[in-house]
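If you read the sequences in order, they're chains A and U.
Residue numbering for the first sequence follows the numbering used here, beginning at 1 and increasing consecutively.
Residue numbering for the second sequence follows the numbering used here, beginning at 1001 and increasing consecutively.
Hints are computed from structural coordinates only; laboratory data are not their basis.
Just so you know, these numbers come straight off a predicted model, no measurement behind them.
Ideal Cβ positions, reconstructed from N, Cα and C, are used throughout, including at glycine.
Careful: at least some of the hints might be erroneous.
To be verified - With a straight-line cut-off of 30 Å between C-alpha atoms, the simulated DSBU-like cross-links for lysine-lysine are:
#1 U:Lys1099 / A:Lys152
#2 U:Lys1343 / U:Lys1278
#3 U:Lys1031 / U:Lys1343
#4 A:Lys267 / U:Lys1054
#5 U:Lys1116 / A:Lys152
#6 U:Lys1318 / U:Lys1278
#7 U:Lys1071 / A:Lys263
#8 A:Lys152 / U:Lys1071
To be verified - Derived contacts from chain U toward chain A, CB cut-off under 10 Å, selection only:
#9 Glu1015
#10 Leu1058
#11 Ile1088
#12 Phe1147
#13 Phe1358
Said to hold, decoys possible - So these bits of chain A aren't anywhere near chain U, every CB distance computed over 12 Å:
#14 Gly104
#15 Leu277
#16 Val282
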Amino acid sequence: MDSLSALRNINAGRDVPDGFVLSRAVGWTSVGMGIAELLVPRAVSSIAGLEPTTGASLGVRTKGFGDLALGLGILLRPRRPMPMWARVATDAIGLGLLAWAVRGDKSHRARGIASLVASVSTLALDAYATQKVTAAQETAASPVMFSVTINKPPAEVYAFFRRLENLPLFMDYLESVEQKGTRSHWIAKMPVGGTVSWDAELVTDLPGERLAWQTVAGSTFAHRGNVTFASRPGGTGTEVRVEMEVELPGVDGSATLAKLLTKPQIKGDLRRLKQVLETGEVLFSDASSHRGPHPAQPSTEGTSFARARATESRQAHRKGVVR
Amino acid sequence: MRATCWMGTQKVSVEQVPDPQILNARDAIVKVTATTICGSDLHLYNGFMPTMQKGDILGHEFMGEVVEVGKGVKNLAVGDRVVVPFCIACGACEACEMKNFSCCENTNPTGWMPEKLMGHATCGAFGYSHLTGGFAGGQAEYVRVPFADVGPLKVPSSLTDEQVLFLSDILPTGYMGAEFCEITPRKVIAVFGAGPVGQFAIASARMLGAERVIAIDRFPYRLRLAMEKAGATDVINYQEQNVQETLRDLTAGRGPDACIDCVGLEAHGNGLQYAYDKAKQVARIAQDRPMAVREAILACRGAGIVSILGVYAGYMDKFPIGPLMNRGITIKTGQCHVHRYMKPLLERIMRGDIDPSFVVSHHMNLGDAAGAYDMFMRKQDDVMKIVLRS
Chain A
1 MDSLSALRNI NAGRDVPDGF VLSRAVGWTS VGMGIAELLV PRAVSSIAGL
51 EPTTGASLGV RTKGFGDLAL GLGILLRPRR PMPMWARVAT DAIGLGLLAW
101 AVRGDKSHRA RGIASLVASV STLALDAYAT QKVTAAQETA ASPVMFSVTI
151 NKPPAEVYAF FRRLENLPLF MDYLESVEQK GTRSHWIAKM PVGGTVSWDA
201 ELVTDLPGER LAWQTVAGST FAHRGNVTFA SRPGGTGTEV RVEMEVELPG
251 VDGSATLAKL LTKPQIKGDL RRLKQVLETG EVLFSDASSH RGPHPAQPST
301 EGTSFARARA TESRQAHRKG VVR
Chain U
1001 MRATCWMGTQ KVSVEQVPDP QILNARDAIV KVTATTICGS DLHLYNGFMP
1051 TMQKGDILGH EFMGEVVEVG KGVKNLAVGD RVVVPFCIAC GACEACEMKN
1101 FSCCENTNPT GWMPEKLMGH ATCGAFGYSH LTGGFAGGQA EYVRVPFADV
1151 GPLKVPSSLT DEQVLFLSDI LPTGYMGAEF CEITPRKVIA VFGAGPVGQF
1201 AIASARMLGA ERVIAIDRFP YRLRLAMEKA GATDVINYQE QNVQETLRDL
1251 TAGRGPDACI DCVGLEAHGN GLQYAYDKAK QVARIAQDRP MAVREAILAC
1301 RGAGIVSILG VYAGYMDKFP IGPLMNRGIT IKTGQCHVHR YMKPLLERIM
1351 RGDIDPSFVV SHHMNLGDAA GAYDMFMRKQ DDVMKIVLRS
């Protein structure tokens, strides 16, 4: 492991005071509001400028239940962006409902407008805190990092990886990768159908040790990868460590979202990389030869799926020439 | 083809399903000539193993004739008679190189599931839930065998199916459990559970030189078989005798030097402890009923060995870690590394050291699998081991 990643792992556990304090404040406020809304819904609706009818009370109580749950969610996981984003989304929905209610009720206009202003500021504050928590999370934990030990010497694992044409053999979302010098053209299959492609550039190439690439300037999204190959302690075998980052430049939080989405994918990729290098190909079971869940029983779709994958592998393999 | 499918808790039925095909280059297709129901299949049958899906083909103990081989299989030919190990191993990863085949790192395509539940993935296995890869099992007319160049063992025609079938799982399992005990003639071995695995653990302990082997069960017919065929020197029926006291008595206060748990997560017992375990399992608060392993740890001599062969699924409650730690007991356990033991045990069978067919009590047709499961679960008709043929 290089010293940078080691340092990052140590720092990842430390409090990030800024985002942490803010998210706890949001959490406690949310809990407080929830309790008030649950216990004294009539008073709350009247303060908000709503006619305290039974319907309004029911609405306020429902919101109270949600606020309490969200608050607890945030307090339990104050460093996680997800509960905070849920808070912001709920704020936005609440604001919309309030605006609709205030518009229909002319008798308490002043109070209604005051509560609208309050809601807008709450939304703004919550969004600000969420932003902070997300940013803290990103510096602490991105990029995605996974590792696997492969029972082959580093030179061999590196050589396999260096022929980028080999990548679709185990990264099953890739259709193909073509290399032209230090540049490469990647085509990926979209989960919804169709493909997406990008150009990447090899930025580091230390034979037997490290490979790093990133998308060329001006790409629609940024994709960075860094793979290290190290001899396992005391013998043959390679410790492969992969760091990957995908983000939409300029869109805050996109890296975190991408991380959540790509995490299981990269784990699976490494499992398959190990299979390909150690046993020659990706192993299928009756269940795994289907996209969704499938019982452990042979099926014609499973067979054609596995065979199609095998054919793709052979083609990719031919382009990559050697293993 | 016809295959025994899990359709829900205590529901299996023989269904018409598509024939298996070669999916990977190192696969073989085997026409099953004999298969059997394992005690651990009952954990699936009774719904204690998570990740089962309706339609899963059961069965991990089977043998048969090779009818098709993939391009990557060079050591087998169509027509070969083979016994197939229940665990699937690649033969190339570090675990396999160290002969820890049931910890193979490459054969579980749904490995993310056990990773969540067990920390790391296990190997793939036939017909044993989606935690072990989602591979169709062998209680069927045909089965696809991955890594056929690594697992299946060719067996000579001079031996009957009943003599070699149990090389697929329970004979190596029982043997490994006895091997864990580091047996010398001075060591007294207690075997909890005299089902088929227990019988083979007893027989293996004797083969490895133990002078005294004590079998513990609640069914007189199983204890009788343990004495008459497997070679147990003493038996304890825990419904009539107090296990702890009797073991202390039989060993003059020392306790057995090693205990082998051949029971697992559906242990039975007497009294409050059993009622407590059972209630929690019924309420789905706990997956395991740990009576046998608790008893084994308490009974075992200081600095002794407790060898666990019985299958457990989850996170156990009321595990006697205090007695274990303070008396320096070693636990040795694992799904059997079948590949390690098949050849040497085949040689022992050929030499006549052991004839594993003594555990067979019933022969039935594959079509009667549902009835066979029910009978095996209820321990009717002095059932020991049921061999199914299509």
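Item to check | Structure versus earlier hints, numbers of those that do not hold, lowest first | outcome: Hints 2, 7, 13, 15, 16 not satisfied by this model.
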